[in-house]
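Listed below are the residues making up each chain.
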Amino acid sequence: MTRWTPVCELAALDPERGVAALVDGVQVALFLLDDGRVLGVANHDPFSGANVVSRGIVGTHGERTTVTSPMHKQVWDLVTGECLDAAGKDPVDLAVFAVEVRDGTVHVGS
Amino acid sequence: MNTSPSQTQPDGGSADPDVAARPLAGSTAAALPAEVAAPAASQVSAPQRVVVVGGGMVAQRFVEALRDRDDAGRHHVTVLAEEPRAPYDRVALTSYFSGRDPEALALGDPALWQDPLVRLVRGDAVTRVDRDARTVMTASGRTFPYDELVLATGSDAAVPPIEGNDLPGVFVYRTIDDVAALRGWVEERAAAASRPVRGAVIGGGLLGLEAAGALKALGAQATVVQFGTHLMSAQVDLGGGEALRRLINSLGVAVRVNTATQRMRPSRRTGAVGRLDFADGGRLDVDVVVLATGVRPRDELGRAMGLEIGARGGVVVDDACRTAVQNVWAIGEVACIQGACIGLVAPGYAMAEVVVDRLLGGAATFPGADTATKLKLAGVDVASWGDAFGSTPGSMEVVWADPVGGVYKKLVLADDARTLLGGVLVGDATAYASLRPMLGRALPGDPAAFLLPEGGAGAPELELPDDAGVCSCNNVSAGTVRAAVTEHGCTDLAGVKACTRAGTSCGSCLPLVKKLMTAELARSGVEVSNALCEHFDLSRAQLYDAVRVAGLTSFSEVVARFGTAEAGRGCDICKPVVASILSTVAPAHVLDGERATLQDTNDHVMANMQKDGTYSVVPRIPGGEITPEGLLVIGQVAKDFGLYTKITGGQRIDMFGARIDQLPGIWQRLVDAGFESGHAYGKSLRTVKSCVGSTWCRFGVQDSVGLAVDLELRYRGLRSPHKIKLGVSGCARECAEARGKDVGVIATDNGWNVYVGGNGGFTPKHAVLLAEDLSTEELVRTIDRFLMYYIRTADRLQRTAAWVADYEGGVDAIRAVVLEDSLGICADLDAAMVLHLETYEDEWAATLADPDKLRHFRSFVNAPDEHDRTLAYVAERGQARPATAAERAGAGAGPVLVAGTTLEVRS
Chain A
1 MTRWTPVCEL AALDPERGVA ALVDGVQVAL FLLDDGRVLG VANHDPFSGA
51 NVVSRGIVGT HGERTTVTSP MHKQVWDLVT GECLDAAGKD PVDLAVFAVE
101 VRDGTVHVGS
Chain B
1 MNTSPSQTQP DGGSADPDVA ARPLAGSTAA ALPAEVAAPA ASQVSAPQRV
51 VVVGGGMVAQ RFVEALRDRD DAGRHHVTVL AEEPRAPYDR VALTSYFSGR
101 DPEALALGDP ALWQDPLVRL VRGDAVTRVD RDARTVMTAS GRTFPYDELV
151 LATGSDAAVP PIEGNDLPGV FVYRTIDDVA ALRGWVEERA AAASRPVRGA
201 VIGGGLLGLE AAGALKALGA QATVVQFGTH LMSAQVDLGG GEALRRLINS
251 LGVAVRVNTA TQRMRPSRRT GAVGRLDFAD GGRLDVDVVV LATGVRPRDE
301 LGRAMGLEIG ARGGVVVDDA CRTAVQNVWA IGEVACIQGA CIGLVAPGYA
351 MAEVVVDRLL GGAATFPGAD TATKLKLAGV DVASWGDAFG STPGSMEVVW
401 ADPVGGVYKK LVLADDARTL LGGVLVGDAT AYASLRPMLG RALPGDPAAF
451 LLPEGGAGAP ELELPDDAGV CSCNNVSAGT VRAAVTEHGC TDLAGVKACT
501 RAGTSCGSCL PLVKKLMTAE LARSGVEVSN ALCEHFDLSR AQLYDAVRVA
551 GLTSFSEVVA RFGTAEAGRG CDICKPVVAS ILSTVAPAHV LDGERATLQD
601 TNDHVMANMQ KDGTYSVVPR IPGGEITPEG LLVIGQVAKD FGLYTKITGG
651 QRIDMFGARI DQLPGIWQRL VDAGFESGHA YGKSLRTVKS CVGSTWCRFG
701 VQDSVGLAVD LELRYRGLRS PHKIKLGVSG CARECAEARG KDVGVIATDN
751 GWNVYVGGNG GFTPKHAVLL AEDLSTEELV RTIDRFLMYY IRTADRLQRT
801 AAWVADYEGG VDAIRAVVLE DSLGICADLD AAMVLHLETY EDEWAATLAD
851 PDKLRHFRSF VNAPDEHDRT LAYVAERGQA RPATAAERAG AGAGPVLVAG
901 TTLEVRS
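Heads up: the protein sequence lines correspond to chains A and B, in order. Under full-length UniProt numbering, the first residue of the first sequence is numbered 1, with each subsequent residue one higher. Under full-length UniProt numbering, the first residue of the second sequence is numbered 1, with each subsequent residue one higher.
There may be inaccurate statements among the hints.
Unchecked claim - If you want the footprint, here are the derived chain B segments under chain A, 3+ residues with CB under 8 Å:
#: 1; stretch: 213-220
#: 2; stretch: 610-616
Unchecked claim - Derived contacts from chain B toward chain A, CB cut-off under 7 Å, selection only:
#: 3; residue: Arg441
#: 4; residue: Gly568
#: 5; residue: Arg569
#: 6; residue: Gly570
#: 7; residue: Asp572
#: 8; residue: Thr597
#: 9; residue: Thr601
#: 10; residue: Cys826
#: 11; residue: Glu866
#: 12; residue: Asp868
Calculated from the structure, these hints are not laboratory results. Idealized CB from N, CA, C, for every residue including glycine.
Only chain A is shown next, with the shape it has when bound in the complex (with noise of 0.2 Å):
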């Protein structure tokens, strides 16, 4: 069963930007894209071990939408957190979480 955290108004993102939220003490990527969807990941960039991946630049490659980590430009995907560009690393996926918008209220699902 999915709880669903409340964690700011729609108003408050800024398309194609990120921010980062504290649900349950776990910090998450939150990201508007320009067609009004909300996707969540992990803030945390497993490379470096720092919590920036929300700092990243929101972009697409082919059909997919990436964010690209602001510390070493490592890209991952943002609807699946599948890792499409190590920088010569391993791989390593982002953890997605689930995102919903209800009455202009972000939730994110944990």
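With chain A fixed as given, assemble chain B onto it according to the hints.
Chain B only, in chain A's frame:
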């Protein structure tokens, strides 16, 4: 080095202890072969002593090749140079007028002369060779024994037997000293007279035209006096000579052909040269005359040694560059090889390689001279190669002439109408690099297609055979260039140049080398498109122009208009590039609307991300000048927020360990105290480093701090393809290390010299001289244009050093753009800089004044008062640093962990 005692030589000179690897066994040695006279014990290990007479380009190549190939280090080489300097690029001598920097003429890697097996003796001419004793004697009285002697004495300028050729004001054009003397004379005359200095060049060949160009560069009038029917008659036919004359005229240089100079008459007033009298009765008033009627081999040593001398001078050698005397070789212009002396550098290089090969036991022979030439004169393109005159029986010529456009092109073909025998290109020599290697090979398709202007019928792509020569200076074949890519993994031009040496001398083959490299990379599946990323097919420079011309102001517009079909929403490569382009084309705050989504985290939060995800903060300290009050503010802020502080290389202070949510608070304090963003995070101007200059320094000649402050305030916030650093030194001592910067300014007694393209970092590079003795106003205008041109045309993440190196025509071409407006874009560049100045604002002050922008600095969207509790620090040398993984794991047992940096009590 050897420790054998030196001893007095028969002639009274003393052997140089550094060079005399073995003592000569007294005067009896003269009668015996060296092998017998030398002590037997030293036979096995004793290095061969190679003495090179002459310190020119060919000598340099010889030493380079020897040190390159003599892996065992069996040869000690001593170069005896008459000129007081290391070998320099004589081919580029004319650039000394624009550059005036002898260093810019340096050849190859200067480390060559630090090699323990290499000794360079400067400023000492060889006066005598004792071929029996195997020693050479110099003017200073030193004696150098040799096992192998290489004559590389080159040529000197021929002085025609014209009456008055010894008058003051008559010069030759061969060495740096010649050029310096000529320049001094012209400048002196210019200062004394109220009218322009009138110059004449006798001789209308390659050198004469370069000399005329040099006179023009010095502000003198120039008339070229040619005895023959047309200019460059050794390389170009009459039709080409006519086209060339028009081009030379258009540069403001007068040309008289079919003119014999009868005598040079002194001015009655000055006693210096004042008038030329011609055989046809004509006269020309002059203040300076340059003789450029040819060169004469320096074969006097060879004559004195009794070596065979060619009919027109030069030491006769066989195809291995051997003279008839054992262990004596001759290379370069002094060598009379295959019946003639060759006054070009490429064949000289080839001879140097031949002798090195022979010394190392090889069997190389001189492959025959490649007499292809290309004139290096701004605004005039001339090239000639092979049988340029169509003298081969049965040959035919294909000619394209456009008198209006000043273009003349000719190909000489064999009787099969396909095989290329030679050619002449005047006015447009772009085809030279690809056509010259086709010499002796069949051209594909219609030969005429190669002569038509670019964009015309379109010549078929030339596929060079592997053995076709590409770089004649360094004798590099197409196959070698290809192998650099396929076997040595080179992926860029710099790599191929380093690997093959192609294009490292005169550089005229670089376009071809690049083409070969690109084709080979493409073939091996390496992506070589200039496309920015999958979202844009354009290069950064192309995209810049497109955005500018189309007048676009947002990423959405740019990607819709110029993105690829499946462009999507950009990526971490194209987004920051577009943000950077827009910042100078349509300036706006980095966090304005959609712009905010394009920025790297550094630009997004206007600080530098460090390894633990916190940031460092650098307030601007223009020119490195800061008041004690300013220092106190920075110190107090760092203390209050618990930040680690360090002085940067750019003469300012970096404060580390600021969390994203602390940045606005830190900056509020800094802005209140009058600081502004230092843009340490941006691909933009970083700092203008300065020495203290004439205000305090005993040696300073200009106010370097004042200029540095002005420059830093002018270019602050200017975003560019990569970071830009400037430096200003108040005198030639260069304490600001300005030549390690993208733009370096060095004070002179008369103003400022400006250098460009310097770099520290991974591939250090000294900046090269762009212009000298500029007034402050001229200097600023020059830097404005240089920077703006770089911003417009460089690749993504390409520093100025690489940009200058890759720019076709190099710094000379860039100088033409920014100083002579050769592209007609200077007004545009100036306007772009004015726009930057008018729209600059401190982006941190603007951010603090806008609550909407401050939203970007929240720690957590749902817990803005919380902060990242995982940050951990360890005290070291009295300050905090991030804890290592091991320290985190063993927390409690190891060093004391301190909590994340916090604002201590202070409201």
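Evaluated hints:
no. : hint    : in the structure
1   : 213-220 : violated (count 0)
2   : 610-616 : holds (count 3)
3   : Arg441  : 44 Å, violated
4   : Gly568  : 3 Å, holds
5   : Arg569  : 5 Å, holds
6   : Gly570  : 5 Å, holds
7   : Asp572  : 4 Å, holds
8   : Thr597  : 4 Å, holds
9   : Thr601  : 4 Å, holds
10  : Cys826  : 36 Å, violated
11  : Glu866  : 6 Å, holds
12  : Asp868  : 5 Å, holds
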